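I would like the entire structure built from these sequences, with the hints used as guidance.
Just so you know, the sequences run in chain order A, B and C. For the first sequence, the residue numbers in my numbering are 369 to 617. For the second sequence, the residue numbers in my numbering are 135 to 432. For the third sequence, the residue numbers in my numbering are 2 to 285.
In short, the hints are calculated from the structure, not lab data. Values in this document were obtained by computation on a predicted structure and should not be read as measured data. C-beta atoms are modelled at their ideal positions from N, C-alpha and C, and glycine is treated no differently. Be a bit skeptical, because a hint or two may be false.
To be verified - Negatives, chain A to chain B, calculated, CB over 10 angstroms: (1) Glu433; (2) Lys454; (3) Gln457; (4) Ala519; (5) Cys530; (6) Thr544; (7) Gln557; (8) Val591.
Stated by the list, open to error - Covered stretches of chain A, as calculated for chain B (at least 3 residues, CB under 8 angstroms): (9) 461-472; (10) 475-484.
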Amino acid sequence: MMNLAVRNLSKSYHQHPVLNLTQASFGKHSIEGLIGPNGAGKSTLMGLLTRRIPPTEGSIIFEVEDKHHDLIPLSSHQVAQIGLVKTNQRIQGFESLTIRDSLRLACTPPTQETLKSVFSKEQLSEAVEAEIDDYLSRFTFNEPDGYARSAGEKKLLDILRCLILKPKMLLMDEPTAGLPEDVTQQVMQEITRQTKANDMRIVIVEHDLELIWSFCEYVHFLVDGEMLFEGKPEDVKANRVVAEKYLGL
Amino acid sequence: MAYLIFSITLMLVYIGLAQLLHIQFGMLGIPNFGIVGFWGLGMYSVGVLNVQWDFSFIPALILTLLLVALVANGLGRLILKLEGQAMLCATLAFSAIVALLVITEKWLTEGVVGLGTIKYPFDAGAMTEPLYFLILLLIVVGIQLFINKLHVSRLGTLIFSIRDNEELAASLGKDTVKIKLELFTLTCALMGLLGALSAPLNQFLTPNMLVPSVTFAVWIALILGGKEHSMGAVLGVFITFGLFDLLIESYLPVAPEYAVMVPNFKLFLYGAVLVAVLMYRPRGVLGHSAAGARQELP
Amino acid sequence: MWLIRDSVFIGILQASPLILAAMGFTLIFYLNGFINFAYGESITYGAYFAAMFNVMFGFGFYLSIVPAALLAGALSVATYFLFFQPALKRGVRSTELIILSIGVSFMLRYGLVLFVGAENIYVDEPPIAYFSFLGVGATNLQLVALVLVLVVVFNLYWVVYRTGFGEVVRGLANNKELAMVSGINPHKVSVSVWFLGGVAGGLSGVFSGVFALANPLMGWNLILITVMVSIVAGVGSVKGALVVSIIAGMLTAAVTLVSKPLYAEVILLSSFIGVLWYRGGRLR
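If you want it as structure tokens, here you go:
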């Protein structure tokens with residue numbers, strides 16, 4: 369049972385409201401979609417959920433494995449440690465880390481990142497190195513031991529960095545933007561596999577509706593900072609409001 | 135000979151400060167412009183404890199380390215979340231405050247009159263100064279070993295990730311605030327330690343030792359040597375301090391009427407070198423990378 | 002009561018250099034977004050230029066202010082073209098730009114020392130008369146300085162807020178492309194801003210010793226407080242810089258009256274760190 373529940377969550381910039389969400393919940397289905405026109409507040413919502421953006425007011429509760437986490441008092445690294453992680457819409461990365469180091473960074477436990485550990489010989493466990501090797505053998509990078517150079521490689525690395533953290537719930541903000549078609553398919557297959565194997569939950573923000581319809585079991589429709597409709601993909605597709613406001617039919 | 139030993143011991147102090155700045159700015163991205171504040175706090179703390187309150191050197195040194203660590207930790211809590219420009223101004227303001235308080239608090243520091251005499255922690259006759267030089271050499275070598283280890287450690291990877299994109303590192307579950315605060319506290323405390331060890335070297339302390347030029351000399355050395363390279367600090371101080379303070383000021387025959395201008399000429403040239411490096415070779419002489427462990431950047 | 006009255010009076014008299022420097026600095030900071038420590042040298046050079054015209058060329062005392070201010074403006078524009086514009090074009094980050102500005106500041110300051118020496122230069126000033134009213138006193142020079150500063154501040158204020166120049170600068174600072182599309186010439190605006198900023202800095206230097214002396218460190222001594230005032234006032238607000246520098250002047254005067262002047266500086270610098278912390282480090 370997993371539930372990321374939001375109540376009366378709002379965000380304003382300079383008294384200008386961007387999001388005003390009475391009620392929403394994510395995580396009942398393994399892959400859910402979040403769609404809506406540009407400026408609806410999708411990215412803002414994702415940023416609020418992972419505590420990268422402070423909300424104006426409201427509550428965010430993350431229930432996972434019978435534990436009940438209030439996310440409002442937490443900082444973004446604590447949210448990630450609980451298992452709620454987000455991939456980025458805008459291309460982001462660590463310019464001085466190689467692809468392999470970047471993945472290693474993601475799965476290094478805090479105990480190996482202390483001042484004391486600087487002098488210890490302890491390395492990452494072989495299991496972890498094997499997992500990194502596994503990812504790098506299945507997803508192709510030009511130079512796996514060099515730097516991510518193209519936008520596509522950086523975007524893919526961003527997603528892999530999050531997957532290797534083994535999150536309980538992964539929010540993906542426009543994962544396909546910038547990815548080549550074949551890599552997109554590969555990523556989607558990988559996350560579908562992991563939702564089954566690791567009981568991971570996914571929420572995808574996408575403009576590529578074909579992808580939403582074919583992978584999501586449940587879809588949320590956000591307009592002007594409010595959740596106007598939600599339901600199974602076929603219900604959402606058939607809904608008149610969605611058709612008018614977004615699909616342009 | 136005595137003057138030469140004094141000069142190279144002082145050079146070691148500058149190397150140590152530049153090495154610590156390399157960790158703060160080159161690795162972690164914290165623009166600490168308050169170096170002279172931490173260094174001066176350490177120096178005066180040992181001076182006051184030693185001269186005014188009759189502490190012997192080692193207890194004074196330990197108390198000083200604690201004091202500077204405490205102050206650095208407090209300041210770090212206030213400023214480490216700020217953007218770079220704000221951190222730079224805040225640390226600069228901090229060092230100005232330290233220098234002002236040294237002048238105003240005469241009951242502690244004797245103000246502009248000066249505080250003295252601080253003796254060496256041991257007396258080995260003619261060998262005192264050379265032994266002291268060796269102690270500082272050990273400390274500087276120790277810091278260098280730590281830096282080399284840090285560059286290739288897991289903590290080092292985390293530090294670089296914080297410099298590159300702190301928000302992204304935090305989103306991967308890294309407590310970036312804690313790491314920054316820990317390292318800032320440690321490195322500033324070590325700057326204080328170098329200050330404390332400079333006290334017997336200078337023997338007599340006056341407020342005009344706490345001028346911002348100390349901070350800038352360290353910065354110029356690091357930028358010139360290469361802020362991101364593990365050996366940048368050492369090379370930079372060898373070029374700046376070694377060339378000017380050791381060679382030119384001590385050994386170059388300069389007519390007495392021009393001799394007073396040499397320090398000013400040095401500071402002018404420091405400025406020019408800093409500008410030239412930033413405009414034409416922003417990564418400094420040594421450029422990027424730690425001891426060949428990392429590849430060339432795109 | 003006497004404390005408030007004297008603080009206000011002395012504060013305003015002594016704040017004149019700070020007011021000018023903060024207003025000029027704010028303009029440049031707003032346009033280019035980095036803290037320009039070399040601005041301190043506009044202040045120093047302003048004082049030296051005035052001394053040069055007065056002592057070397059025998060210009061009348063008040064007359065020497067005009068060429069000094071213009072030269073300080075030209076110097077500011079020159080630093081922009083030689084150092085900051087190339088660096089800005091290359092996309093150098095703001096922290097590195099500040100370090101660059103400190104390098105430029107060193108070059109200018111110690112270049113000056115190499116040329117004219119490190120000693121104070123005293124200016125031939127008109128005979129001093131002492132005025133007193135309502136129980137507080139001021140010299141004729143202080144009063145003249147106050148009037149001149151008021152005139153300059155009024156003009157600067159007028160240029161920024163009444164001629165549309167402030168709007169143009171804001172447009173360019175916020176969105177260069179958009180500003181260029183709407184017919185703003187960024188080149189011309191940059192030159193104007195750096196010139197005006199330099200002129201204000203130069204005048205600040207002239208008024209710093211209330212015409213009495215010039216010293217190579219005077220700019221450096223004022224720049225940290227100037228930066229502070231400008232940031233606390235809210236970047237881009239010339240109005241705010243005016244208000245905050247007057248408050249800082251009065252605070253300094255009040256602390257000086259009851260205690261040591263250096264404590265005033267300690268209090269200002271500490272509250273600066275506090276304000277930065279409170280704002281979460283957002284400068285712009």
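Status of each hint after checking the structure:
no., hint, verdict
1, Glu433, "holds, 17 angstroms"
2, Lys454, "violated, 6 angstroms"
3, Gln457, "holds, 13 angstroms"
4, Ala519, "holds, 13 angstroms"
5, Cys530, "violated, 8 angstroms"
6, Thr544, "holds, 20 angstroms"
7, Gln557, "holds, 24 angstroms"
8, Val591, "holds, 27 angstroms"
9, 461-472, "holds (count 9)"
10, 475-484, "holds (count 6)"
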